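Colleague: Chain by chain, the residues run as shown.
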Amino acid sequence: MSTRSAWRALHYSAKRRAFQPPTPYRCFSCTRQVQDPKSEQDRMTHFGFTNVPEHEKESRVGAVFSSVASSYDTMNDLMSLGIHRVWKDHFVRSLNPGTPVANRPTDSKTKGWNILDIAGGTGDIAFRMLDHATNINHDLETRVTISDINADMLAEGRKRSIDTPYYNTPRLDFIEANAQSMPHIPSDSVDLYTVVFGIRNFTDKQAALNEAFRVLKPGGVFACMEFSKVDNPLFDAVYKRWNFSAIPLIGQVVAGDRDSYQYLVESIERFPSQDEFRGMIQKAGFMIPGKGYENLTGGIAAIHKGIKPVVKA
Amino acid sequence: MATMATLRLPTITRRAVSSLQSLRLHQTTPLTTSTSRLIPRIQPLRQQQPHFRPYHSTLHPRLPDHEYTNSQTAILTAALDHIPTHGFSLEALTLGARDAGFLDVSVQLLPRAEFDLILFWLASRRGILRAKVEEGALFTRVAAESGRDVAALSVEEKSKILVLERLRMNVGVKDQWQDALAQMSLLSNIPISLTELHALSNDILSLAGDSSVDGSWYTKRMALSAIYASAEIVMTRDPTPDLTETAAFVNRRFEDRLVLKEKVEGVGQCVSFWGNTAVGLGRSWGLKI
Numbered sequence: 001m002s003t004r005s006a007w008r009a010l011h012y013s014a015k016r017r018a019f020q021p022p023t024p025y026r027c028f029s030c031t032r033q034v035q036d037p038k039s040e041q042d043r044m045t046h047f048g049f050t051n052v053p054e055h056e057k058e059s060r061v062g063a064v065f066s067s068v069a070s071s072y073d074t075m076n077d078l079m080s081l082g083i084h085r086v087w088k089d090h091f092v093r094s095l096n097p098g099t100p101v102a103n104r105p106t107d108s109k110t111k112g113w114n115i116l117d118i119a120g121g122t123g124d125i126a127f128r129m130l131d132h133a134t135n136i137n138h139d140l141e142t143r144v145t146i147s148d149i150n151a152d153m154l155a156e157g158r159k160r161s162i163d164t165p166y167y168n169t170p171r172l173d174f175i176e177a178n179a180q181s182m183p184h185i186p187s188d189s190v191d192l193y194t195v196v197f198g199i200r201n202f203t204d205k206q207a208a209l210n211e212a213f214r215v216l217k218p219g220g221v222f223a224c225m226e227f228s229k230v231d232n233p234l235f236d237a238v239y240k241r242w243n244f245s246a247i248p249l250i251g252q253v254v255a256g257d258r259d260s261y262q263y264l265v266e267s268i269e270r271f272p273s274q275d276e277f278r279g280m281i282q283k284a285g286f287m288i289p290g291k292g293y294e295n296l297t298g299g300i301a302a303i304h305k306g307i308k309p310v311v312k313a
Numbered sequence: 001m002a003t004m005a006t007l008r009l010p011t012i013t014r015r016a017v018s019s020l021q022s023l024r025l026h027q028t029t030p031l032t033t034s035t036s037r038l039i040p041r042i043q044p045l046r047q048q049q050p051h052f053r054p055y056h057s058t059l060h061p062r063l064p065d066h067e068y069t070n071s072q073t074a075i076l077t078a079a080l081d082h083i084p085t086h087g088f089s090l091e092a093l094t095l096g097a098r099d100a101g102f103l104d105v106s107v108q109l110l111p112r113a114e115f116d117l118i119l120f121w122l123a124s125r126r127g128i129l130r131a132k133v134e135e136g137a138l139f140t141r142v143a144a145e146s147g148r149d150v151a152a153l154s155v156e157e158k159s160k161i162l163v164l165e166r167l168r169m170n171v172g173v174k175d176q177w178q179d180a181l182a183q184m185s186l187l188s189n190i191p192i193s194l195t196e197l198h199a200l201s202n203d204i205l206s207l208a209g210d211s212s213v214d215g216s217w218y219t220k221r222m223a224l225s226a227i228y229a230s231a232e233i234v235m236t237r238d239p240t241p242d243l244t245e246t247a248a249f250v251n252r253r254f255e256d257r258l259v260l261k262e263k264v265e266g267v268g269q270c271v272s273f274w275g276n277t278a279v280g281l282g283r284s285w286g287l288k289i
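Residue numbers (the working numbering), protein chains in the order written: chain D, 1 to 313; chain G, 1 to 289.
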């Protein structure tokens, strides 16, 4: 009885199961093995110096920024010795947002600039832009939409906006969105797209650049400030030492979170150089003004700009 | 060797060119171990950027007057119309961008902002000056006014005509030109401004038919640059509509230049005479000179 069932089982399996070689198919003329393509889920991306699956990066970055949201400003001051404020002021001044009274068109349908500040959760750049438009150019129509993927950072920005004159006005808006795909923002609708110290954390930077190209009006400007590569080797050595020794330590002491700041410095190290990133901006279809980037403090940070071309009818 | 005949650079550069050509001759011969080492050194020279050349030749196609892209040129050209009212300013650029179908924010395309507008003005006027000469109308007109033949005009006269013609192009922006000069004299802008000034004086001299290949190549360009730069300042204060005061100023400076040239040549002759005399005297006394 047992032999019969065993025989039947053997027979059955022999009939159903196809022959499976111990190793996958490999042709004699080549060394490449046939492999089933990896699914979307398994593609890897970098998270600091470690490699993680793409779908995991978003949540990991989210965890980092949720953890640092409350101490974000103090930490920025300590880590950059206050220089980040100078950089941000310079960034906004060079963009000169807002239309001055002198050359404001009288018959324009849409007044003021429509600015989209990506990854601007705490509103650092957005408030500066609005201040510049209001106080320098006397433009009360220019509005900023702050978009961030992280609800905690947005909450921090909302809290801070209470102290500004723009609180609860149509000039300031907060949305929680992933910059790689923003279907709620119509194409050709934004004058100025800024992303300041944010694009480093994106899972797919090229997708974000393509999306920026889509939402910008023809003639609109993509402006990005991000940590970059220091060109002077001596200064670079000092800077690296500060990055890898001091910053995680400051993070541990002040914010009580060493790992998040370790990720921060690793992600700075992994970000492409000025020229590579300029290539990515060009690949998305932007025109590059002049050299394409401006180094700040010897290349610790760099401002990249791209302009969406106007297609003549 | 046709290029050698048309060279407009001093002898130092000519020597560099001939050494360059001898290197190229080496390259055409079958490669030996000694010449093959030369190849990597030649390669970068050939792949040089289109805006820099190691030597000048009339056989080369002319370099573009400026290096702006199409979109930048569109904005800048439209902005030129707003200069008389708004000056060399960001407003003029913004209005120009709007006229060209761009947005206010698109002036970001010009990283140097106002200074780009000034540079574009200079470069485009320089191009127009050249076009006028190449059409041939400019010298014929001036020659007809003075009742002479075009061929009879000297290099000196031709360059004076060109300087005045270039200054007259600034009449429309005369009131704004001091602002532009102030911008150009900012420390970070000085190198580019001087490059542009050299390009202008070089253009004027080569259009006037100057073919000096010695040290005077430098002095002529420097003298013309000095005359042009000072005449520009005089022009900004010139109340006459057709710049007669400026023209008189330029005439005086050209005369000064001739006087100065005579003085320098006189001093040179004097020194060489006394030097030769001293050497001859020494030799006649039996010194081993």
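Among the hints, a few may not be true.
Stated by the list, open to error - Stretch by stretch, here's where chain G covers chain D in the computed footprint (C-beta under 8 Å, at least three residues): (1) 166-174; (2) 180-189; (3) 220-227.
As the list claims (entries may be wrong) - Over 12 Å on every C-beta distance to chain G, these chain D residues come out as not near it, computed from the model: (4) Ser94; (5) Leu95; (6) Pro97; (7) Pro105; (8) Val310; (9) Val311.
As the list claims (entries may be wrong) - Listed below are several chain G residues computed to face chain D (Cβ distance under 10 Å; list not exhaustive): (10) Ser106; (11) Leu110; (12) Arg112; (13) Gly215; (14) Thr219; (15) Ala223.
No lab work stands behind these hints: they were computed from the structure.
Note that this is a predicted model, so its numbers are computed, not measured.
In this text, a Cβ means the ideal position worked out from N, Cα and C, and glycines have one as well.
Colleague: The structure should be examined with respect to each hint, and the outcome stated for every one.
Modeller: Hint check results:
no.: 1; hint: 166-174; in the structure: violated (count 0)
no.: 2; hint: 180-189; in the structure: violated (count 0)
no.: 3; hint: 220-227; in the structure: holds (count 3)
no.: 4; hint: Ser94; in the structure: violated, 8 Å
no.: 5; hint: Leu95; in the structure: violated, 7 Å
no.: 6; hint: Pro97; in the structure: violated, 8 Å
no.: 7; hint: Pro105; in the structure: violated, 7 Å
no.: 8; hint: Val310; in the structure: violated, 5 Å
no.: 9; hint: Val311; in the structure: violated, 10 Å
no.: 10; hint: Ser106; in the structure: holds, 4 Å
no.: 11; hint: Leu110; in the structure: holds, 7 Å
no.: 12; hint: Arg112; in the structure: holds, 8 Å
no.: 13; hint: Gly215; in the structure: violated, 36 Å
no.: 14; hint: Thr219; in the structure: violated, 34 Å
no.: 15; hint: Ala223; in the structure: violated, 33 Å
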